[in-house]
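One line per chain: the protein sequences are A and B, in this order. For the first sequence, the working numbering gives the first residue as 1, with consecutive numbering after it. For the second sequence, the working numbering gives the first residue as 1001, with consecutive numbering after it.
Keep in mind that the hints are not guaranteed to be accurate.
Stated by the list, open to error - For lysine-lysine, the following BS3-like pairs were computed, each having C-alpha atoms within a straight-line distance of at most 25 Å:
| # | chain 1 | residue 1 | chain 2 | residue 2 |
| --- | --- | --- | --- | --- |
| 1 | A | Lys150 | A | Lys73 |
| 2 | B | Lys1122 | B | Lys1160 |
| 3 | B | Lys1150 | B | Lys1122 |
| 4 | A | Lys122 | A | Lys160 |
| 5 | A | Lys24 | A | Lys160 |
| 6 | B | Lys1160 | A | Lys172 |
| 7 | B | Lys1172 | A | Lys150 |
| 8 | B | Lys1122 | B | Lys1073 |
| 9 | A | Lys12 | B | Lys1073 |
| 10 | A | Lys73 | A | Lys12 |
| 11 | B | Lys1150 | B | Lys1073 |
| 12 | B | Lys1172 | A | Lys201 |
| 13 | A | Lys160 | A | Lys12 |
| 14 | A | Lys160 | A | Lys172 |
| 15 | B | Lys1012 | B | Lys1160 |
| 16 | B | Lys1201 | A | Lys172 |
| 17 | B | Lys1073 | B | Lys1160 |
| 18 | B | Lys1024 | B | Lys1012 |
| 19 | B | Lys1073 | A | Lys73 |
| 20 | B | Lys1160 | B | Lys1024 |
| 21 | B | Lys1172 | B | Lys1012 |
| 22 | A | Lys122 | B | Lys1172 |
| 23 | A | Lys172 | A | Lys12 |
| 24 | A | Lys172 | B | Lys1172 |
It should be emphasised that the hints constitute simulated quantities derived from the structure, not laboratory data.
There are 2 protein chains.
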Amino acid sequence: MTQPFTPTPRTKVQRLPDRGKYDKETVHAILDQGFVCHVGFVVEGQPFVIPTNYARIDEMLYIHGSSASRMLKTLTGGVSVCLTVTHVDGLVLARSAFHHSVNYRSVVALGVATLIEDPAEKMCALEAFTNHVMPGRWNDIRFPNEQELKATSVLALPLKEVSAKVRVGPPKDDAEDYSLPIWAGVLPLHTSSGEPINDPKLLPGLEVPLNVRAYLR
Amino acid sequence: MTQPFTPTPRTKVQRLPDRGKYDKETVHAILDQGFVCHVGFVVEGQPFVIPTNYARIDEMLYIHGSSASRMLKTLTGGVSVCLTVTHVDGLVLARSAFHHSVNYRSVVALGVATLIEDPAEKMCALEAFTNHVMPGRWNDIRFPNEQELKATSVLALPLKEVSAKVRVGPPKDDAEDYSLPIWAGVLPLHTSSGEPINDPKLLPGLEVPLNVRAYLR
Chain A
1 MTQPFTPTPR TKVQRLPDRG KYDKETVHAI LDQGFVCHVG FVVEGQPFVI
51 PTNYARIDEM LYIHGSSASR MLKTLTGGVS VCLTVTHVDG LVLARSAFHH
101 SVNYRSVVAL GVATLIEDPA EKMCALEAFT NHVMPGRWND IRFPNEQELK
151 ATSVLALPLK EVSAKVRVGP PKDDAEDYSL PIWAGVLPLH TSSGEPINDP
201 KLLPGLEVPL NVRAYLR
Chain B
1001 MTQPFTPTPR TKVQRLPDRG KYDKETVHAI LDQGFVCHVG FVVEGQPFVI
1051 PTNYARIDEM LYIHGSSASR MLKTLTGGVS VCLTVTHVDG LVLARSAFHH
1101 SVNYRSVVAL GVATLIEDPA EKMCALEAFT NHVMPGRWND IRFPNEQELK
1151 ATSVLALPLK EVSAKVRVGP PKDDAEDYSL PIWAGVLPLH TSSGEPINDP
1201 KLLPGLEVPL NVRAYLR
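Okay, chain A solo, but in the shape it has when bound (with noise of 0.2 Å):
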């Protein structure tokens, strides 16, 4: 086992501390299964929350987007910044409205992003985020070019002021609530994908290939 992040008063859980998680492996996995970022940045006393996609090599974070974003923009500028990711496992029906819960993993990373202005490590990034999304795809397709390259920013983000916070297991209802006649439990959500769409415009003869085919997150 590796040695946890060690919480600091802004990563360590207050409520309910016992859902704080610190070790690598938790957070790691969290942050592994899911593709989307909420992420948290001020602008003139105003915080953005904004959804976009990240990737994870090692103990680092990348996020991207277009250069000429506004989110982009102001993160290159090196502000503080707020990563978070969550998945949402199971509605958790108690028998009181008060312990009605949910089950869910989430993450929060908190610091300083810094762009990446190494090519080779850019494109690192860019096959992480490909292959987070999509294992394998970034065999299959065309890779950026410069023109592309210079348009895309990607931020990296050292996973270092780090919490995970994780709720599992039925709800917890009050002693004298469990008389009551009121089904309680889990109910499991869990994202799964449909039918592949074939792109309108694919050229004829092409098959869905097996990592689209046989997705699981």
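Following the hints, position chain B against chain A.
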């Protein structure tokens, strides 16, 4: 059709403006389909992005939590907040790495949240939270008592400065890439529910209610 939201410099979609939507029907539909949002707020210059439940009643969004939580204590101070809801509808697999994308629908709402003090409005919001997660659940459960109401803070954010962003449809590749022998298309994603799991302490003879069994999001 009702009056759309007026885009402000903070909510007008700048990149790919065609994806920006400001009509109430679109915004309401996206909000009503989800139940977990990401709330952004700032503490000493650091943005935090925290997943939490929400509900909508007319032109008001509600979030809630323990009165003791950092998020609720911060937001009760009348600070600027950003509430974002995102649905991921599919992976957009293009012929080029550059044009890979995600089909999604998101809503970003900005403003200042206010604490609901009126017990009747608070109870209405709690009913909305419960029924928003599981339609009809409120009628089956024990209502909050005075102590629970006290321990719960409910905040309201008026839907005023709001925009939606929506991507649909197939990949958009560069003209010359359509002749490449690469499969391209969309892999649809959706949330589905599994078999309900009875609480281990469930009273004997209680059946899974129809709304839980027939859950569709």
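> Which of the listed hints are broken here?
Replying inline: 6, 10, 14, 19, 24
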